[in-house]
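Starting from the given sequences, assemble the full structure and let the hints guide the process.
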Amino acid sequence: MTAAWQPSERELERRAVRRRLALRSRTIATLAVVVFLGVTLAAILGSPGWPRVQETFFSAEHARASFGEIWSGFWRYNVVIFLIAEPLILVLGLALAVARQARSPWLTPVRGLAVVYTDLFRGVPTLLLVMLFGFGMPALQLQGVPNSGLFWAIVALVVSYAAYVAEVFRAGIESIHPSQTSSADALGLSRGQAMRYVVVPQAVRRVIPPLLNDFVSLQKDTALVFVVGVLDGVWAAQDYGNYNFNYTPLVVVALFFVVLTIPLARLTDWLQRRMAERERAGLR
Amino acid sequence: MTALPENTQAGGPILEVANLRKTYGDKVVLADIDLTVSPSDVICLIGASGSGKSTLLRCLNLLEEIDDGVVVFQGEEVSDPRCDRRAVRGRMGMVFQSFNLFPHLTVLDNVTLAPRKVHGVPRREAEERARELLSRFGLADKADAHPDRLSGGQQQRVALVRALATRPALLLLDEITAALDPELVGEVLGIVRDLAAEGTTMVLATHEMAFAREVATSVCFLEDGRILESGPPAQIFSAPREERTRQFLRRVLSAG
Ligand SMILES: Nc1ncnc2c1ncn2[C@@H]1O[C@H](COP(=O)(O)OP(=O)(O)OP(=O)(O)O)[C@@H](O)[C@H]1O
Ligand SMILES: [Mg+2]
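Protein sequence lines, in the order shown, are assigned to chains V and L.
So for the first sequence, our numbering puts the first residue at 710; every next one is plus one.
So for the second sequence, our numbering puts the first residue at 5; every next one is plus one.
Hints listed in this document are in silico derivations from the structure and should not be mistaken for laboratory results.
Some chain V residues close to chain L (C-beta under 7 Å, calculated; not the full set): (1) SER892; (2) ALA895; (3) LEU896; (4) GLY897; (5) LEU898; (6) GLN902; (7) VAL907; (8) PRO910; (9) GLN911.
Using C-beta positions, here's what the derived DEER-type ranges look like: (10) V:PRO834 / L:ASP72: 52 to 58 Å; (11) V:SER899 / L:GLU218: 37 to 43 Å; (12) L:ARG127 / V:GLY901: 17 to 23 Å.
Listed below are several chain V residues computed to face chain L (Cβ distance under 7 Å; list not exhaustive): (13) SER888; (14) SER899; (15) TYR906.
Ideal Cβ positions, reconstructed from N, Cα and C, are used throughout, including at glycine.
Put into C-alpha cells, the structure is as follows:
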C-alpha cells in the first residue's frame, strides 16, 4: 500500500465543474416544468367554459358522494376479475405457445388447434366475445358449470387474452438462440425437457415487458363485463352520473384504473431488473 | 431413464465411421469420411476454416442428418433412423465453440441438468459429483454463480464439466478455445490435456497445432470435406505425405 490516495488538483476542479453543470441542468428542468404547467393551467382555467367543465367533471362534492359505490364495484368486480383471469391467461397462453412448438407426430392435432385458436380469438373484438359468451353460454344451460353472465364474461376475457399472450410467449420462445437447443440436444435432453428447462424459462424472462402491456390492457377491459349486466366500477360511475347529471364519477373511476396499474408496473420493473442480472451471459 | 454408462467398453472401437457423406443442398460438405476411434484415442481434426470439422462433429453427435455412410457407436448403428438419438447423445459429451451455457441456471444447475433429467440421478448425488468435477477444474467457488459472472475461460471450463458430468464414453470438442482470449486458452487446454492423460476418448477440432501435436494419438487433416491425410502427430507434423497438408501447416504455423 502506498500513501492514501488524494484526488489531484485537476480532479477537484473537474468535480466542481460537474457540480455546476448539474445544478444548471436541474434549474433548467425545474423552470421548464413550471412554465409548461403554468401556461397549460392558465389556458384551461382561463377558458370561458372552465367553470362549467369543472362543475361537471371535477366536482369535489360529487366525487365524495360517488366514491363509495364506485369503489365497491371497482374492487368487487374489476380488481377481482383481473386477479382471477390473469393467472388463467398466463397458463393458457403459455400452453398454447408451447403446443405450437410441439414436433411429435402425435401432437399434430394439438398444434393445429393452437394455431386455429390464436387466429380465431385474436381476430374477434373482446367486447363481442364477452357478449357472445356472456349471453350465449348461459342460454345453453350446460350442466355442472355456472350459468351466470359474470362467469362467462370472465371466460371470454381469458379466451381472448390467452390468444394475445400466446403470441407474446411464442415470440419469446422463438427468440432464444438455436445454440441453446443444440446444447440441450447434445446433453441428451428430449424436446420437451429442452423446452421446459432451457427455452421456456429464458423466454418468459424476455417477454415480461410486452406481457405487462397485455396485463394493463386486461385491467381496462375488465370494464367490458358491464355489457352483461355486472355492476362494476364503470357501471357504478355511469349510474351515478346519469342520476345526477354529472360526469365526475367517470373521472374518479378513471383514476382508480390508473392507480391499479402502478403497482403492476413497479412489480414488473423489479422482476425484470432481478432477472436481467442473470440473463446477459451465455451467447457471445 | 438410462443408467450412467461405463466410461469405456470392453474391446472394439468406440466409434466407427465409414463412407460418411453430408451435403447442404448442392454443396457437399463431407465426403468419403472414414474414421475409427478406439478407447483412449484422442483424435484431432485439423484443417482450414470451412473444411468441415464442425459439421463432422455435429454428424457424430447426430445433430445433423447424414446423406450417406454408416456411423457405429459402441456397436450400435446410430445412423439408423430408428436409433434413439437421445440415448446416444446421453452417452456422448459435446462442447461447442461458443460456450452455450444456460444463462438462467447457476453453474451447478448447468452441470447437473442432464444427469438428473436424462439419466435420473438423484439431485444430491448429481450435485456431489458436479462439485467434485468443478473443484477439480478450479471452479469450486463458482458453483452457485450464474454464467455471466464468469470469464470466458471459466465458462468454457464449466461447459467441459457439464459435458463430463454424464460420464460420456466419447467427448466431442469443437474448437473450444476459439472464442477465448489468448491468455485464457491455456487454462482450458490444460484440462483437455489432463483428460487425455486419464484416457478419456475424444475427438476434437482445433486450430492449436502445438496442442494437437502434444495430445493427439492421431491427427486427421481435412480439406474440402475429405480426410486428406491422417496418422500419428509426429508423422503429420514432421513428414506430411500430402503437399496440401504441408501448405496448410506452413500457413498456420507461420501465422501462429
Ligand atoms: N447449416 C448450413 N447450411 C449450409 N452450409 C453450411 C451449414 N453449416 C455449414 N455449412 C458449410 O459447410 C462447410 C463446412 O463448415 P464447418 O462449420 O464444418 O467448417 P469448419 O471446418 O468447422 O470451419 P471453422 O474452422 O471455421 O469452424 C462450410 O463451407 C460451411 O459454409
Ligand atoms: Mg467449426
